[in-house]
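Could you build the full structure based on these sequences and the hints that come with them?
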Amino acid sequence: MSDITDAAAAPRPAAAPGEVLLEVKDLKKHFPLTQGVVFKRTVGHVRAVDGVNLTLRRGETMGLVGESGCGKSTVSKMLVALEKPTSGEILYKGDDVTKMGARALKQYRREVQIIFQDPYASLNPRMTVGDIVAEGWSVHADIAPRKGRLQRTQELMERVGLNPDFVNRYPHQFSGGQRQRIGIARALALQPEIIVCDEPVSALDVSVQAQVVNLLEDLQDDFGLSYLFIAHDLSVVRHISDRVAVMYLGSVVEEGTDAQVYTSAAHPYTQALLSSVPVHEPHLRGLKERILLEGDVPSPANPPSGCRFRTRCWKAQDICATEAPALVDRGQGHPSACHFAEAKTVVPTE
Amino acid sequence: MSDPKLTTLGHDETGAGTVTPPAEESADVAGTQNSLWSDAWRQLRRNVLFWIGATLGLLFVLIALFPKVFARGADPRDCSLSLSGQAPSAEHWFGFDQQGCDYMANVAFGARNSLIIGLLAVAVILVLGVLVGALSGFFGGLVDSLLSRVADIFYALPLILGALVVLRSGFLGRGVVAVAIALAAFGWMTAMRLVRSQVIAVKSSDYVAAARAMGASNSRILVRHILPNAVAPVLVYATITVGVLIAAEATLTFLGVGLQRPAISWGLQIDAGQRLLRTAPHLVLFPSLILTMTVMAFVMMGDALRDALDPRQRS
Amino acid sequence: MSTASASVPYAPGRGGSGPVLEVQDLRVQFRTDSGLVNAVNGVSYTVSEGETVAILGESGSGKSVSAQAIMGILDMPPAEITSGRIMFEGRDLLTAPAEEQRKVRGPGISMIFQDALSSLNPVYSVGFQIGEMFRAHRGTSRKEAKKLAVELMDRVRIPAAAQRVNDYPHQFSGGMRQRVMIAMAIALDPRILIADEPTTALDVTVQAQVMDLLKDLQRDTGMGLVLITHDLGVVNEVADNVAVMYAGRIVERGTVDDVFGNPAHPYTEGLMASIPMLEAKGGRLQPIGGQPPNLSSIPSGCPFHPRCPKRRLGADALPGRHCAEDVPPLRLVVPGREAACHYSEEVLGV
Numbered sequence: 001m002s003d004i005t006d007a008a009a010a011p012r013p014a015a016a017p018g019e020v021l022l023e024v025k026d027l028k029k030h031f032p033l034t035q036g037v038v039f040k041r042t043v044g045h046v047r048a049v050d051g052v053n054l055t056l057r058r059g060e061t062m063g064l065v066g067e068s069g070c071g072k073s074t075v076s077k078m079l080v081a082l083e084k085p086t087s088g089e090i091l092y093k094g095d096d097v098t099k100m101g102a103r104a105l106k107q108y109r110r111e112v113q114i115i116f117q118d119p120y121a122s123l124n125p126r127m128t129v130g131d132i133v134a135e136g137w138s139v140h141a142d143i144a145p146r147k148g149r150l151q152r153t154q155e156l157m158e159r160v161g162l163n164p165d166f167v168n169r170y171p172h173q174f175s176g177g178q179r180q181r182i183g184i185a186r187a188l189a190l191q192p193e194i195i196v197c198d199e200p201v202s203a204l205d206v207s208v209q210a211q212v213v214n215l216l217e218d219l220q221d222d223f224g225l226s227y228l229f230i231a232h233d234l235s236v237v238r239h240i241s242d243r244v245a246v247m248y249l250g251s252v253v254e255e256g257t258d259a260q261v262y263t264s265a266a267h268p269y270t271q272a273l274l275s276s277v278p279v280h281e282p283h284l285r286g287l288k289e290r291i292l293l294e295g296d297v298p299s300p301a302n303p304p305s306g307c308r309f310r311t312r313c314w315k316a317q318d319i320c321a322t323e324a325p326a327l328v329d330r331g332q333g334h335p336s337a338c339h340f341a342e343a344k345t346v347v348p349t350e
Numbered sequence: 001m002s003d004p005k006l007t008t009l010g011h012d013e014t015g016a017g018t019v020t021p022p023a024e025e026s027a028d029v030a031g032t033q034n035s036l037w038s039d040a041w042r043q044l045r046r047n048v049l050f051w052i053g054a055t056l057g058l059l060f061v062l063i064a065l066f067p068k069v070f071a072r073g074a075d076p077r078d079c080s081l082s083l084s085g086q087a088p089s090a091e092h093w094f095g096f097d098q099q100g101c102d103y104m105a106n107v108a109f110g111a112r113n114s115l116i117i118g119l120l121a122v123a124v125i126l127v128l129g130v131l132v133g134a135l136s137g138f139f140g141g142l143v144d145s146l147l148s149r150v151a152d153i154f155y156a157l158p159l160i161l162g163a164l165v166v167l168r169s170g171f172l173g174r175g176v177v178a179v180a181i182a183l184a185a186f187g188w189m190t191a192m193r194l195v196r197s198q199v200i201a202v203k204s205s206d207y208v209a210a211a212r213a214m215g216a217s218n219s220r221i222l223v224r225h226i227l228p229n230a231v232a233p234v235l236v237y238a239t240i241t242v243g244v245l246i247a248a249e250a251t252l253t254f255l256g257v258g259l260q261r262p263a264i265s266w267g268l269q270i271d272a273g274q275r276l277l278r279t280a281p282h283l284v285l286f287p288s289l290i291l292t293m294t295v296m297a298f299v300m301m302g303d304a305l306r307d308a309l310d311p312r313q314r315s
Numbered sequence: 001m002s003t004a005s006a007s008v009p010y011a012p013g014r015g016g017s018g019p020v021l022e023v024q025d026l027r028v029q030f031r032t033d034s035g036l037v038n039a040v041n042g043v044s045y046t047v048s049e050g051e052t053v054a055i056l057g058e059s060g061s062g063k064s065v066s067a068q069a070i071m072g073i074l075d076m077p078p079a080e081i082t083s084g085r086i087m088f089e090g091r092d093l094l095t096a097p098a099e100e101q102r103k104v105r106g107p108g109i110s111m112i113f114q115d116a117l118s119s120l121n122p123v124y125s126v127g128f129q130i131g132e133m134f135r136a137h138r139g140t141s142r143k144e145a146k147k148l149a150v151e152l153m154d155r156v157r158i159p160a161a162a163q164r165v166n167d168y169p170h171q172f173s174g175g176m177r178q179r180v181m182i183a184m185a186i187a188l189d190p191r192i193l194i195a196d197e198p199t200t201a202l203d204v205t206v207q208a209q210v211m212d213l214l215k216d217l218q219r220d221t222g223m224g225l226v227l228i229t230h231d232l233g234v235v236n237e238v239a240d241n242v243a244v245m246y247a248g249r250i251v252e253r254g255t256v257d258d259v260f261g262n263p264a265h266p267y268t269e270g271l272m273a274s275i276p277m278l279e280a281k282g283g284r285l286q287p288i289g290g291q292p293p294n295l296s297s298i299p300s301g302c303p304f305h306p307r308c309p310k311r312r313l314g315a316d317a318l319p320g321r322h323c324a325e326d327v328p329p330l331r332l333v334v335p336g337r338e339a340a341c342h343y344s345e346e347v348l349g350v
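Chains as they are written, first to last, in our numbering: chain A, 1 to 350; chain B, 1 to 315; chain C, 1 to 350.
Each hint should be verified, as a subset may be incorrect.
[What the hints assert, rightly or not] To give an idea of the interface, some chain A residues facing chain C are shown, with a C-beta separation under 8 Å as derived from the structure: (1) E83; (2) T86; (3) Q211; (4) L234.
[Claimed, not checked] If you want the footprint, here are the derived chain A segments under chain B, 3+ residues with CB under 8 Å: (5) 122-128; (6) 181-195.
For the record, the hints were derived by calculation from the structure and aren't laboratory data. Using N, Cα and C, we set each Cβ at its ideal position, and we do this for glycine too.
Encoded structure:
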C-alpha cells in the first residue's frame, strides 16, 4: 500500500478496540399511506422499521439478514441519514444523529459511508471515475488539498484493484464487479469509520462476488473499518460477519455471534430461514432438516398483533397473539425474540 | 484480453477495465483529470454533423450581423414596382417580391429579426423551463404543486392566442423583443415538464443518494448530478423549438400583432408570399428554405450536443 | 472453432428412456452497434423424460439465450441462430414450419421466467390467463377453461384457488405469481419444462417452496426439467445432471454429485471455491481472478485461460494443448463426465 493512503488513514484517533461506535435504540420508521392526489390524506402507516436495536463496535462487522421487505434497507438509509426516523435514537460516539445540526451532520456523513447494491445505478453515468472517487473531497475539502487529489484518486483506485490509468473513463466502460470497486473507493475516500454495505455483492456474479468480499475484508484490516453488512444471502453474511442480527417484518428477531445464530438458532424464523438455504456441497444434500414455511410475509401496513411471526409459526400459542416477545436471552445463550425460544442445530456441521 | 497482471492469480485485483477497449488513446493518459465538458468537447469536435450544423449556424449569424455583405449590393428598400414578382435570374438570385424589391437582400436583412426572435425566445424558454422544472422536481411537495399548477394555467392558453393577447395589450410594445418574450411566456411549459420529470427520475437514483450521504449540498447535487442527467431531452426540444418560434412569429404577423412592415423578417416574407403562391412561388420558397436550414442547423447541433454529453453514446 | 459439436453421448442420470429434447451444436450471435456478440458457441445437450438438467452459468454465459432459442422467443434480428439443431421428439424445430413449431411450443415444451410480474398481463385476471392456454390450444369453452384454471391453481398450491381465480397479478405476492406462471406452463402437460432462473427473484423461504413444487410436479407428470440458474445451491438440491457454461460453451458436464464433488474443469473448481459456506465460517474465499469475458472478443484458445490458475502457456504446454491457442473440445474425461479442458485429468487428480 502507498504512503499517502497510509497517511490518509493516520489522523484517526486510535481508540480501544471494541469501543461502541454506533448504537441504535428502538428505531422506528413508519411511512404514511396516503390517498388522493391534490388533497392527500393519511389512511394508515407502513411500519417498515418498528423498534430495532443494534450496536456496532469498532473494527467489527455486524451482519443484518432478512428477506425483502423486512426493513433492513430502510435501517441502512436511516443510519446514513438519508431517511429521518419516525422515532428512536441513533447514537454515534454518544451523540444522537437524529438531533444533529447541519455542521455535525456533515461531519457524521463523512465518517459513516454507504455502498449500494446496484453498481449500475449508484454511479453517475456522466462523471468520470476520477470525479466520482474524488467528489467527497470537494464536499469535505479538509481531507485532501486540491493539489495532489488526482494522485490520491489513483492510489485509491489501485488500492481497490482498479487500473489507475482509467481515471478518465466513465462507469459504463466497467463491469459490475469493477463498478462496485469504484463505489468502494468513493466511500473510502472520505476515510470513514463505518461503512454501511447495503447488499454490496448480491448483484454480482458468483466468481466476482468473492473478489469483492475479500476486498472488503482486506480494507477492514488495513483501515480499521467497521461494517454494517446488510444482505439476504445467509452464507455471505456468515462468512464476513462477527455478529449477526436477523430481521423479520421490521424488527430484529434474533441476534448473536455468527456461530450462535447459525449453529444454535433459537427463533423459529431463523431456523426456517437457515433450513431453506440450498447448500452447494453434494455430501450435505438432504442432511438438513426441512422446515417449509406456510404462506407469505404479512403486510407491514397491517402486521399481526403480538409476535410478528406467529401467523407462519408452528410453535404459536395464545400468548403469541397477545404479547410481543422481547429480544432477550431465555437460556439459549443469545437474545431471541420468541416466547418459546429453543436452540436448535438446523444446518449440518461437518 | 491477455492481461499482464494476471500472472498474480489469487490476488483478486486483476483485469480492471478490460470490458471495453479504450475509447480514445489521449483520454487515457493519466496525469490530467477530464471532466464531462472537456470530454464532451473532444467528442463534439469529432462529430461531422456538429460541424455542418455549426457552420450553417455561423453562416446565418453572420448574415444576421452583416446583411449587406450577403445582399450582393442590393438595398432591400430600393424597390421598383416594374420588377414586381419577377422570377430569380442570374443577376438577382432570389428574384423580386411584390413591391419589386430585391428578394435576396430582403431575405438577408430578415435574418436578424427572425434569429433574434427564435434564439431569444428559446433562451428565455430554456432558462424558465430548466429553472422552474428543476425547482419543481427537486423540492417536490408544495413547491411542485404550486409551480405545476402555474404551468397548467399557461397551458390552458394556446401559444399563439396567449402571445396575441399579450401583444394586443401593448404593454410590451410591438418590437422584436416584445414578440420574443410574448412567445416565450406561453412556450416554456413543455420544457418545464420535460425537466421536471427527468429531475424526479434522477433524484431517486442511488448516485444522488450517495452524494447526499457524503454530505453534498442541495446546490451541488442539483448542478453536478441531477441537471447533467436531466437536460438532454430539453436540449433537443429547444433546438426544434427555434424553428417553431420563428414560424410562430409569421403567424402573429398574419394575425396583425407581430412585426409590421416596414420591419423585415422571414415570418413577414412567408406570410406575404403565401398569398402569391401561384404566381410567384419563389417568394415562399426562399425564406422557407432558409428557415428550414436554420432549424436544421440547430437540430444538428442539439443532437450532437446531446450525444456528446452522454458518455454511453461514445464509441 | 469447432469445439463442442454433437460429442460423446453421456449417460442420463436418474432419467428414463431416450432423450425427448436434443440440442445439437447450437450457435447464436447478436449483431449490435458495437460488433458481433457470440452469445452461444456450440452447445449440445439432451433432456430425457423425468430428468432434471441444470444449465449453470454466470451472466453472459449464454445459458438463457440457448433456452430462448429453443422456445423460439429470440428477437431476430438482432439475434441470429447460425447453426445447430433443436430436436424435439425426433423433429428439428429450427427447420419445421411455423405452424408445427407453434404446436410444439406450449403443449410440448414450455417455459417459466425469472420475472413473473412482467410475464403476466396486468389487465387480465390470472384465471383468464391460465385458461387462455386451453382456449388457444384446445378450443376449450370459457366456462370449462376457468374450471380447469382453478384445478391448476390448486395443483400449484395457491391457497383458496376458487376465490382467487378472478384476482389480478398485482394482487399476488412474488411467490404466488411464480406459481401462476408455473400453472400456465404445465397447463398443457408439456414433456419439457424450461425454468429460467425461476427462483432468483424470490426470497429464500419462498424459493424453497417453489423448488419443492417444481420437483413434485415433475415426479407426478414425468416431464423433463431444464433448470437454468446461476445458483449452485439450487442445482445441488434439485438437479440430476448439470452442464456448466462459460462464454457460450459448455465447459463441464456430468451428474451433480460428480461435477460438484470433484470438478474436472478449473472454472467449476473456481466457482466452488468462491462460494462461502453456510455450515461453517470458513477461511478466506478463493475467488476466480479477472472479469467475465467480453462476448464480442472472446479470448483465443480456451476462453477461460486468462483467468485460469491451471493454464499452461508457452513451453509448459503439451503439443496441441496450448491453452491460449488451442480450443479444448468437450471430451469424455472419465466415464460419465465430460469437460472442455486440456488438462482435466490434472484438475481431477486421476
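Right, here's what the structure says about each hint:
1. This hint is violated: E83(A) has a C-beta 23 Å from the nearest C-beta of chain C, more than the 8 Å allowed.
2. Violation of the interface hint for T86(A) is found here, the shortest Cβ-Cβ separation to chain C being roughly 25 Å, above the 8 Å cut-off.
3. Among the interface hints, the one on Q211(A) holds; its C-beta lies about 4 Å from the nearest C-beta in chain C, closer than the 8 Å criterion.
4. With 8 Å as the threshold, the beta carbon of L234(A) comes within range of chain C, its nearest partner Cβ sitting at about 6 Å, so the hint holds.
5. Coverage of a stretch by a chain is defined here by at least three residues with a beta carbon nearer than 8 Å to that chain's beta carbons; for the region 122-128 of chain A and chain B the count is 7, and the condition holds.
6. Judged by the Cβ-Cβ criterion of 8 Å, the region 181-195 of chain A is covered by chain B as claimed, because 4 of its residues qualify and three suffice.
Checked against the numbered hints listed earlier, the structure breaks hints 1, 2; every other hint is satisfied.
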